[in-house]
Amino acid sequence: MSRLALREEGFECGDPAAPWYRTVHIRGGVLGFRVRESGKQPFEIQLTMTSRMADDPGLAIEARGLTKRYGDRAAVDGVDFRIERGEFFGFLGPNGAGKSTTMRMIYRATPVDDGVLRVLGHEAIPQSDRAIKSRLGVVPQEYNLDERMTAREILEVFSRFYGLRGEARRTRIAELLEFAELEDRQASPVAELSGGLKRRVQIARGLLGDPDVLVLDEPTTGLDPRARRALWDKLIALGERGTTIVLTTHYMDEAEKLCDRLVVMDEGKIVAEGTPAGLIADNVPPQVLEIVVPEAAERRRLHEHFGPVALARVELADRLLFYGADGEALLRRLFELRDGTDARVRSANLEDVFLSLTGHGLS
Amino acid sequence: MRLPGDIDLRMAFAVFMRNATDYRRTWWLNILPNFFEPVLYLLGLGIGLGYYMREGLEGKDFIAWLAPGLMASAAMNGASFETTYNMFVRMTFAKLYDAYLATPAQIQDIAFGELLWAIVRAMMYGVVFLIVVSVMSLFGTSIVTSPWALLLPVMLALIGAMFALIGQLYTSCIRVIDLYSFYYTLWLTPLFLFSGIFYPVDRFAHGEEIAWFTPLYHAVRVCRGLSHGEVTTSMWGSVVWMAVVSLVLLRVVPWRLRRRFFR
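As you go down the protein sequences, you meet chains A and B in turn. With numbering that gives the first Met the number 0 applied, the first sequence has no gaps in its numbers, which climb one by one up to 362 at the end. With numbering that gives the first Met the number 0 applied, the second sequence has no gaps in its numbers, which climb one by one up to 262 at the end.
Simulated from the structure, these hints should not be mistaken for laboratory data. Cβ coordinates follow ideal geometry from the N, Cα and C atoms, glycine included. Heads up, a few of these hints could be off.
[Stated by the list, open to error] In silico lysine-lysine, BS3-like type, Cα no more than 30 angstroms apart, as pairs:
(1) Lys59/B to Lys233/A
(2) Lys94/B to Lys268/A
(3) Lys256/A to Lys268/A
(4) Lys197/A to Lys256/A
(5) Lys233/A to Lys197/A
(6) Lys59/B to Lys197/A
(7) Lys256/A to Lys233/A
[Stated by the list, open to error] In silico negatives: residues of chain A with every beta carbon more than 12 angstroms from chain B:
(8) Arg169
(9) Leu222
(10) Ala229
(11) Asp265
Next up, chain B with everything else stripped away, as it sits in the complex (with noise of 0.2 angstroms):
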């Protein structure tokens, strides 16, 4: 089957499970920090800093208000851990993508291969925070309280995609490993940090209008209005803003990679 841009479903499927392949081998070991990570930020912050907030922000408890947050950062983390670090190893170390290249494959089944799987990685992560956010909104701590969560596994692949292919398209740009530390510390900690998981992104001057144009401020606010029930016209904005960016990086990535291999 084809999809726009001359992509072989069957191909990227392949490309898919050459990857799934090779984390079955050690899932244990990668799932069981997905488990941590957000227990430790919630005990860390939300407990322990959340102390000291008793008034919490915008009418809710501050552990309420930040976890939603940190579910769309650890989507964020999941599938640009994939599409950066990994997709780099398997690119140039392991000569992986010349290896596919020589099947019938191309470049976009390959990219758009490891999307799915990145996507997968993605809800890996946020998947199991809502599960941890869930058990605890049900022992009183209430953080997920509305039926519109059930949409939060969709909306953590719809993140995933969109931090995948900004990563993908990053890494089709670079050349050696090292330029990562540029992507992590002055792309994903800035996103991390001021687009809305801590306290309001207006509590910097102009903080709303900037962040509008930043990827994380979206997917923040999509998932804290669905955990919460507080379902608007522009927390939809803020998903047409993630599907289309997305769409537009579907397009571009398989043109950069094209680029960059044959040549």
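Isolated chain A, as found in the complex (with noise of 0.2 angstroms):
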């Protein structure tokens, strides 16, 4: 439940961006946590409970203590969120966090071992798959195209699984290859396009039922930076046409450029959720000092000197980084020490949330 959500019920929320706000979903209802830090006493905690679980229109996915395991491993544990319609929702987090089986949840190729998934207002049950999978629209990680067709040939193949045909057919099809900026290339066999173009044909086969949400498993893995802006401004083009889409991606930038709201996995479990720059205010202190340092002694030496002026740390293989609420007092605070040539100041970002919620990286 977005705070907006929470205000319209009456509830009073505080400000957002305070450092002590979080609001946190559990299994069989939402529970707005209010978490508020008063010097040295006691955690003040007022518990809100609402419940709007029944059938939202204005919801495209929910999911409560969504659960996939195989064997004895749960590769999703009991994950929570809601994506509302027209949102650009993602899912961010290391190979292994368990998005792509929530991917193939949400898309029914894989079935929901326990809690409850809603997709597009239908329960996903095998009843209903046919019609949750005519309205989603679907990229998944791997290439899985004809690599010996066209992208024309491609696209009227998948055509007839929407019951396109004869003048609608051809229209949609000359569409989404411009959409795709396909039309030079449609008469390639599939074989002889790049990484980007081939995930171009798949997003205008995802298209070609015109869905409501299209769901992409990892869109820019494996591209060149070049081939990922351009995919970047088609899926911003899609999502101001008021598609609803659902991403998942282990590049933080990524996620924080194109998301308006996301989760950040890690072992099957979400262990945040928010706006990107909501994700940062409330995890993370908004400056960093990153230092290229791999020996230990030095890293020690850096540690005691920083002390208490850093208000939070971390360490990575080959960097050590300083998190406070001003940048230039860490630089100030280093050169005190010895000189900067290797260390920089930047400002927090979605990876720092997920060092800091997770303890390690996200690839």
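Join these two chains into a complex; the hints should help.
So this is what it looks like as structure tokens:
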């Protein structure tokens, strides 16, 4: 439940940017947690229970306690999320976090083991698979294209699954080839296309049924920076048209640039949820001093030197990160000890959020 | 339109058309062997080996006795290849089934579309064979001698369906493509050799009783009966046998595939 929705229901939400603000979703209902820190006194916690689990037409996808097990291992372990219609929603996390499995449950390629999943008003059970899938567009992680066929042939073949025929079919295919900027290459066998172009063929294919929701699983993995940017532009254009877009990624810059809202996943669980800016504001101090130091002795010296000046710190294989409210102050503190040739100050980003929440990196 | 087993014909047709689109590119490469195969078999075995079998078999010239069985096996091969290697490649290497399953199509529609295509392929093999032997019959080598032969294309479709479904069942069970060597050497080859194509099945003790449980025996019997106009009750029994096996597999195959894909 968003803060806005909470306000509408008359709950006092305080300043969302305040460091004490938390919203936590738990299985079976949404709890808005307010956690207020007042000096050395114990936390004052105010619980507000709301229940808006009934079919909500404004909702594209909703999951409660969603779980998927493979043997003993829970690939997705009781996750809750709500994706509103028209949203650009992201799942950010490293490989193996359970993002793809979550997507596969949404597009009905794998059964739900436990919990509830509603997609476009339908409970995700075998009886409604066709209904759900007819309103979804899917761009999977792997290239699953007929390599010998051309982009146009592929669109022709797959248009039949959506009942497109005659003039409607021709127009739709022409539109999609134009949108994906594939007109020049429409007659080349897919095997001859670059990764970026193949991805665009997959996106065009996913859009054939004029879906309400487009699901993309790591769409830019393996693409060069230029192809990534080109793809981002396409996705932004789609989002502006009002298509709900659900995307998984392990690139924090991608999530930050594209997503209205996102969840951070790790080891099958959702560890945080919010807007990119909100997640950063809620979880990490705004500025980071990043220093490249491989040697342990120098690291110890830096740790001691910074002491309480750094509000938080992270140790990576080749770098030390010190967080604070004021980047310049961090840098000044460094200069008191040594020079700053191997150091830089930057704003905190989603990767820092991920580090602070999980203690390890995204890739 | 929906068939029993929640098969959506529109979706199945879309899968069928994918295969047809792919085939169109290389059809002349594919259809040529279909033509050479019967000609080579009829020349090599019918005319070559047949020379030493002047009494013929069961009152027929050897070539006339042999040809209908080869026609049945041609349909078997056409259907089998399509639902073994070709289906496996589409399913696993090309990941095409994942792409299909992301559309409103369900696995039973896909299996049925593949089946329809395999039937067409079986008929390409079988009907080309039928055309070759019919032309030979016109020029004095009487192989196809009865108007019942007009039913042969329908029977070739049934034979194709049955072997396509058996192939699909095997494909749904295996994870590595190498396992097809067993399917070919320990299943299709013995069927080819012991189903009464080259000599009557009672050559071996209990040959007929054993053969009754195997599919190609029935296919050969039906093709031979219709070609020669020897239409008997037991021949219709073979038609029923093939239909029943096909209908059972039509339910089993989607169930198997669903267990494989939806997990």
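Hints and how they fare:
1. Distance hint between Lys59/B and Lys233/A is unfulfilled; the C-alpha atoms sit about 71 angstroms from each other, more than 30 angstroms.
2. For the suggested pair Lys94/B and Lys268/A, the alpha carbons sit about 28 angstroms apart, so the restraint of at most 30 angstroms is met.
3. Distance hint between Lys256/A and Lys268/A is fulfilled; the C-alpha atoms sit about 23 angstroms from each other, no more than 30 angstroms.
4. With a C-alpha separation of about 22 angstroms, the suggested pair Lys197/A and Lys256/A falls inside the 30 angstroms cut-off, and the hint holds.
5. Pair hint Lys233/A plus Lys197/A holds up; C-alpha atoms about 14 angstroms apart against a cutoff of 30 angstroms.
6. Proposed proximity of Lys59/B and Lys197/A is contradicted: the alpha carbons are some 60 angstroms apart, above 30 angstroms.
7. Restraint check for Lys256/A and Lys233/A: the C-alpha separation of about 13 angstroms stays at or below 30 angstroms, so the hint holds.
8. Remark: the non-interface label on Arg169/A is consistent with the geometry, its nearest Cβ contact in chain B lying 16 angstroms away (cut-off 12 angstroms).
9. Leu222/A, annotated as away from the interface, keeps every beta carbon of chain B farther than 12 angstroms; the closest lies near 19 angstroms.
10. The Cβ of Ala229/A lies farther than 12 angstroms from every Cβ of chain B, with a closest approach of about 23 angstroms, so its non-interface assignment holds.
11. The beta carbon of Asp265/A is kept farther than 12 angstroms from every beta carbon of chain B, the shortest such distance being approximately 24 angstroms.
Taken one by one, the earlier hints fail for this structure at numbers 1, 6, listed in ascending order.
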